[in-house]
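Chains as they are written, first to last, in numbering that gives the first Met the number 0: chain A, 0 to 483; chain B, 0 to 94; chain C, 0 to 483.
For the record, the hints were derived by calculation from the structure and aren't laboratory data.
One or more of the hints may lead you astray.
Derived coverage of chain C by chain B (criterion: at least 3 residues anywhere in the stretch with Cβ under 8 Å from a Cβ of chain B; other residues may be distant) [to be verified]:
hint	region
1	30-43
2	54-63
3	144-153
4	240-248
5	280-287
Note that the Cβ used here is the ideal one computed from N, Cα and C, for glycine as well.
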Amino acid sequence: MIDTLGLTAERAAALLDAREVTAEELAGAYLAQIERHDGELHAFLHTHPEQTLEAARAIDARGRSGLQGVPVGLKDLLSTRGVPTTAGSRILEGFLPIIDADVVESCREAGLVSVGKLNMDEFAMGSSTEHSAFGPTRNPWDPRLVPGGSSGGSAAAVAAGMAPFSLGTDTGGSIRQPAAFCGIVGLKPTYGAVSRYGVVAFASSLDQVGPFALTVRDAALLYSVIARDDPRDSTNVGPREPVSLPSGTSLAGLRIGVPTDQLAAGVDPGVRALFDDTVALCAALGAELGETTLPHASDGLAAYYLIAPSEASANLARYDGVRYGLRVDAPDVHAMYEETRRRGFGAEVKRRIMIGTYALSAGYFDAYYGQAQRVRTLICRDFAAAFERFDALVLPTAPSTAFAFGDKVDDPLAMYANDVFTLPVNLAGLPGLSIPCGLSDGMPVGFQLIGPAFSENRLLEIGHALEQAIGFDARPPRLSRGVA
Amino acid sequence: MALTESDVRHVARLARLGLAAGEAERLRGELASILGHVSAIAALDLEGVPATSHPLDLVNVLAADEVVPAAGVEAALANAPDPVANGFRVPPIGA
Amino acid sequence: MTTYEAVIGLEIHVQLRTRTKMFCRCPNRFGDAPNANVCSVCLAHPGMLPVANGEAVRQALRVGLALGCRIPERSKFDRKNYFYPDSPKAYQISQYDQPLCAEGAFQVPGEDGGFVVGITRAHLEEDAAKTIHVGGEAGRIAGSGSSIVDFNRAGTPLLEIVTEPDLRSGEHARRFLTLLRATIVATGASDCDMEKGTLRCDANVSIRPVGSTGFGTKCELKNMNSFRFLERGIAAEIARQTALLEVGGRVTQATLHYDPSSESLTVLRTKEEADDYRYFPEPDLLPVAPSPTLLEELRAGLPELPVARIARLRDTYGLPDATAATIALTPSLADYYEELAALTGDPRLAANWTMGELSAHLNAASLEAAASPVTPPRLAALIALTVAGTVGSNAAKTVFGELVADPAVDAATIVERLGLAQVDDADELGAIVDAVLAANAAEVAAFRAGKVQLIGFFTGQVMRQSGGRADPKVVQALLNDRLR
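So here's chain A without its partners, still in its complex pose (with noise of 0.2 Å):
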């Protein structure tokens, strides 16, 4: 029996190229894992084992090499033809897409095999999953904790060795913040560098999709999968360079830089601690450290709450009952559009379509969306400063560990206060690697690596680096106790 908790990507098929196990065979342990731990954990919307199991047979039916027979997990807003893809929505329930994502067409042609669609927060609006309309996933670390989101089943799927590794999708730290919450690790790449077609919109100008997974090595493998020039959406470039496997130890000649006007509001003392701890690791390891500021950020999270929710407004607009999903009978169209709408989106969405709508509507445009996006232009500045005098900045992935359910939910500002780190990123279209840290009070803490756009190559270096110093081990020790 294969124990898929803690099992690398890169063992797996390390497993597959020795013959020791069969494609379907190392299928058939996850599916087991995902029977075994997902009645507690809910980290999946949908699962197929029949279909599963069918691809993983015709891989070993046809000899494979590289990746070809390992399994992955999608969030459920990469569209799956002919699978349910919810993006975790009532008003999406039962709605088959006619296309493959360009990145689940990615894994397809690179011989992965899905085992379904995991969980997250209604159209990846949260922090949390606890707003996905089908029920929360719980962190595998510690059940009365939230996974993080929004790709919240994402990352405890790959926690739990449910999947090696897995894709979600990142508009604000939905990749990075459960990556920490769940003690892997999550790359968001340079906005551009994947392709968004088929991946349900929630916020164009910020939205990417990015692997999960147990190890850097692992991250970059499933990156150089999905890293590709679409010319099906317009604002896809691909990598600038092949993405290379990183292998090195040491940080000598890289230039590090820690935001510390960053860390002065709201950090918990054992995340600053841990941060800490491994700023001083890159120096041990050659790194040069200095300090910097954006002085910008600051304005980021308002910045943020009004790009993402304007742009949200106009791509939820769709979901209006007349050419699938979920319609409610009306007497008249735009009461069936109410009545649709009404009943399809949970509060958190209907907050975020109506902060949206508000800050586009005649005379406050300028005021909100035109004033934000004049900040974005600020934050990428100060970005680009930093980044003269700098290879990488760093800082912590989240200001916290994983909270308890119903901690943040009625107070969407302390929810929105939780990506405070990450959402700059998304604002300046960066790359942001998080990677586990260490443990703070038995959860997990992320460290994150934000670099130059399309420098996503130097980051990996950089988390395996660190990685490899830290030995920290990404199993949960609850499941591990479980698991013979």
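Chain A is fixed; fit chains B and C onto it per the hints.
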């Protein structure tokens, strides 16, 4: 500029979001609190700062005018809540 | 009593002649079964992204250059938000504050010295779907049973051209639109067929006291689907507004529909509050920045435009303005004419034939001049026969008819086969003249008694007896001789 319940109803109407009983009142409070926070940036003096609507500095991403076979009516209607003949039926379009 | 003048601006939508839609690669084609030409993009499935059609951009630029527009360095797309079943995304991708083509000026020539119409802008956008109302009262939206949506037209490329309020009458509007249409057709960007809806025109009409420079309250006349209805609809609206003001009433801002059968105006809706379209920059598309090289290439590729051609036909061939305009407005007719004028060496005669028999035949057969079986060389050969006096004008029309019916035969052969050659033989005609005079002794006596107008009667009799083939000049000479 205090947000009123009537503002909330107007915005909900623009967004075609039906409101349940009492929802306008609840949303008014929530939105007022969020707007109170984000409107800090409305006060910033950003005269002369250009807007960034996009992190990518690219232009002229255009497709060749070559037909890709359409999905076809069957695929189009597969998800339709109320397909009729070859079309999508909707309730009467009132005023 | 106050006299009023009208202030009229037009909004024109032109369907561009591309192979594919504006933002997806479905066929841009009419007449197929409902929802045959649709894909997940133009159905606005979740996660689908627009990619702008490069050919639509080039065609729009060609039109802009032909209208004398300034082409800004950069233009962008925006979202115009509104819910309606014909709008699959619930926003239309259009261009708000940075159109592809900016200020232009368009000269409309004429016997009255002509006038200039300012072009405010021309921008690209996508068309809406078609909604077919079923059940309830036919044709009326309110109270109908339900509607069925066909998305074939959704997303097809439109160029919206907005004029300055420089027009002063329905006649001006018709003349402007006629020339504008011919100009766009000449660029090849559209067939501009009002009946098929590939050219649509709305008019904003207001009136003001002559001498005033302010603007009255304007009303919008929707979708007048022929040049004649545009002229009449505007005239009716000017009359309606004038009548209102003359009895001390006020014009209320409204959208109206002109019904040509009853020549009456119906108010569709009055504007109680301004529409709130919440325009914002389309984050899924990047700006368009036409290079100077591209613009130069497009400018060089423009054909001679109707305005220039009218002037050249007038100056080169000595045609009257009206004739030059009629011919120049149809490029293929103008090409035909110029070839015919060169072949015959008689531009006036060529114009008479072009405007007369040829145009009648083209209209009757719905043919382009270039597709007529009567090619310029065949018609030139017939004209040569008339100039030489071989056939008379009536016989020439018969020959023309035969040229249409039988593309393989030349004019001379037809004349010979049908015995249509003019008889100028004095002996042969003399015998007919003598017979006519003998048979009409009373009239001969009356003529000799001074009733000289009877000469026409004798001529007619002779022509009839000759089967229309007699050369009228010879007949005249013979009659004068016999009756002296």
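### Query
Which hint numbers doesn't this structure obey?
4
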